[in-house]
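Colleague: In order, the protein sequence lines correspond to chains U and Z. All letters in the first sequence, in the order written, are residues 1 to 319 by the working numbering. All letters in the second sequence, in the order written, are residues 1001 to 1300 by the working numbering.
Keep in mind the hints are simulated off the structure, nothing from the lab. Keep in mind it's a predicted model, so treat the numbers as computed, not measured. Incorrect hints may appear among the rest.
Below, a list of computed lysine to any residue pairs in the SDA-like style, where the Cα atoms sit at most 25 Å apart [as the list claims (entries may be wrong)]:
| id | chain 1 | residue 1 | chain 2 | residue 2 |
| --- | --- | --- | --- | --- |
| 1 | U | 122 | Z | 1035 |
| 2 | U | 313 | Z | 1140 |
| 3 | Z | 1068 | U | 157 |
| 4 | U | 122 | U | 42 |
| 5 | U | 122 | Z | 1049 |
| 6 | U | 227 | U | 217 |
| 7 | Z | 1068 | U | 240 |
| 8 | U | 122 | Z | 1125 |
| 9 | U | 313 | Z | 1045 |
| 10 | U | 122 | Z | 1038 |
| 11 | U | 227 | U | 250 |
| 12 | U | 122 | Z | 1068 |
| 13 | Z | 1068 | U | 177 |
| 14 | U | 227 | Z | 1097 |
| 15 | Z | 1068 | U | 133 |
| 16 | Z | 1125 | U | 299 |
| 17 | U | 122 | Z | 1033 |
| 18 | Z | 1125 | U | 42 |
| 19 | U | 227 | Z | 1125 |
| 20 | U | 227 | Z | 1140 |
| 21 | Z | 1068 | U | 165 |
| 22 | Z | 1125 | U | 36 |
| 23 | Z | 1068 | U | 227 |
| 24 | U | 122 | Z | 1140 |
| 25 | U | 122 | U | 133 |
Label pairs and their in silico Cβ distance ranges [as the list claims (entries may be wrong)]:
| id | chain 1 | residue 1 | chain 2 | residue 2 | range |
| --- | --- | --- | --- | --- | --- |
| 26 | Z | 1216 | U | 163 | 48 to 54 Å |
| 27 | Z | 1042 | U | 167 | 53 to 59 Å |
| 28 | U | 91 | Z | 1042 | 41 to 47 Å |
| 29 | U | 35 | Z | 1220 | 25 to 31 Å |
| 30 | U | 282 | Z | 1194 | 34 to 40 Å |
Among the chain U residues that face chain Z by a calculated CB cut under 8 Å, a handful are [what the hints assert, rightly or not]:
| id | residue |
| --- | --- |
| 31 | 64 |
| 32 | 65 |
| 33 | 152 |
| 34 | 160 |
| 35 | 260 |
| 36 | 285 |
| 37 | 299 |
Just so it is clear, CB atoms sit at the ideal spot from N, CA and C, and this is done for glycine as well.
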Amino acid sequence: MSTTTPPRERPRQAAGQAVPAQHQPTAKSRHSQRWLAWIFLAPTILGMGLFTLIPIVASVVLAFFRWDIISAPTFVGFDNFSEVVQDPTVRVSFLNTIVFVVVAVAFQLGLALALAIMVQEKMPAWLRVFFRSAFFFPLILSAASVSIFMRYLFNEQFGVVNWFLSLAGIPAVPWLTTPGGSAAVVILVYVWQNFGFSFLLFIGGLASIPVETYEAASIDGATGWRKHLHVTLPLLSPTTLVASVMAIISALQVFDQPYVLTRGGPGDSTRTAVMVIFESAFQRLEFGQASAIGVLLTLIIMAITAAQFRLSKRFVFYQ
Amino acid sequence: MTTTTDHGLAGHSPRLSEGLPVTTPRRRRFSWTFALRVGLLLIAAALTLGPVLWTLSTSLRSPSESFKLPPSFFPWNPDFTSYGEVFQQLNIFLLVLNSALVTGLIAVGQMVSAAMAGYAFAHLKFRGRGALFSIVLATMMVPVQVTIVPVFMLIRGMGLSDTLLALILPAIPTAFGTFLMRQYFMGLPAELAEAASIDGASPWRTFRSVYAPLAMPGMAIVGILAFNFHWNEFFRPLILTISEQNFTLPLGLVSLQGNLGTGSISVVLAGVVLSMIPALVVFMFGQRALQDGLTAGTGK
């Protein structure tokens, strides 16, 4: 922190970075350090400029042009945006994405929290390690591979899921051939693969709650679920905020699962925002429209992130 | 400053694993709440691992028997026909080679470039350091789907379309890796550089021979994260590769499933199982590092 830095170094510490106390450089070494730093930074900074920053700007600019790569781009003002907003497929896919995010994230966070609380209570260490590894495991698989085998498991006639349901006397569910069934499968497969990440975050949050808090609560007579309602949930709210922001941002970008499981169908029932970007750019060669959709999606992501942090000031309880 | 390994939450939480005196009886007695809790957790674990076990066991059946109910989750009589079959139907050597090449080079590139940038942000002084670091962090929030159209054009302009380099180069600069490595280097004392310079080491040598070796655990986390992410990646390869000879494994498997329809699922699943092997190795040997990396910077 700047408080530990000698005053004459102040100009160089402009941003007040937390840096361990450094030796006093001579004028010469300071000069060479400045050059040296840029050499160290070159691969990352040049790469990011080329493959991230320029593309961001280009994406925004492109959203105002009509371009099919073959002919020269023409400036069309806000036409791409107004066309995109009126396009029924785009509308449906944004709506699908929002419904998907709400249901999948609520499911994922609820499941992860419940499992994390159960795992963190008293049990033999080996059993806890087993559960943690099991819930973490799907995260290391590829979403494409997972969707491949899940498609077989949810097969209407021969699928294992319907076989288990038939044991309970439930008639075969047309999972992948009806709009509702497809949406349910995409959500289930997505949550199956991703709840482990939220679970890990909650485990970390739970581990940081001091055990004395629970002792105090038990002296006050709180037991069982009341203890969790009044102690765990409030103290866990910073973790819940981080977990929900990350879950929402990643769910908004869902692509692999619906692409492999359903190709967006039947009809447009499981088409998502990113699938529409992909299709308008690389199947219909409407790069301007694809960029416009991308810009809209980014704005939504930024708005949600900002809203969540604003809300957090009211609802998140910091110890 | 905490090092990245301190971020982790894997391992046991000593406080909670001591047990909450509220719910647990001191003496070992059968407890219904304990049984219910472990029972529910076992169901959740079965639902998590079941599909993977079914995939493994189905891949070890002959293609003609692959659709079989009741399902089996353990391969009692393994039959490797499907594995032979998948090698015939799919140029799996090439797919594995492509995936390994792409993933390996990205991982190494990220480790080196992130270590260098992280070191500069942690231990070197230059104008605009704070601002530049903020920009690097901000790029983490931009989803890859939004930049993919310009990246695609850029790759075309560079004459790299439909090459493996098209997948590798854009993935090497890593904001998250740079962040992790900066954290790691800030945990190493600046006095090391002082001592090295007194011994006459050049700044590059100080980094190469003093700091980089000490930062290997941090670099390992960056490498494992990169490996896991890019080995499984589907969206970018789908867009940036065109001919089958440049496909990576996930892409090849999805196209295999498309070609075969629902005919011989054991063959497709054999391919899926093969593609999981590297991930399994990471899971067995680098789970802790992976968990630490994934959750680094999410609080604390």
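Colleague: Under the constraints set out in the numbered hints, which ones does this structure not fulfil?
Modeller: Numbers 4, 7, 8, 9, 11, 12, 14, 15, 16, 19, 20, 23, 24, 27, 30, 31, 32, 36 and 37 - these are the hints that the structure violates, sorted from lowest upward.
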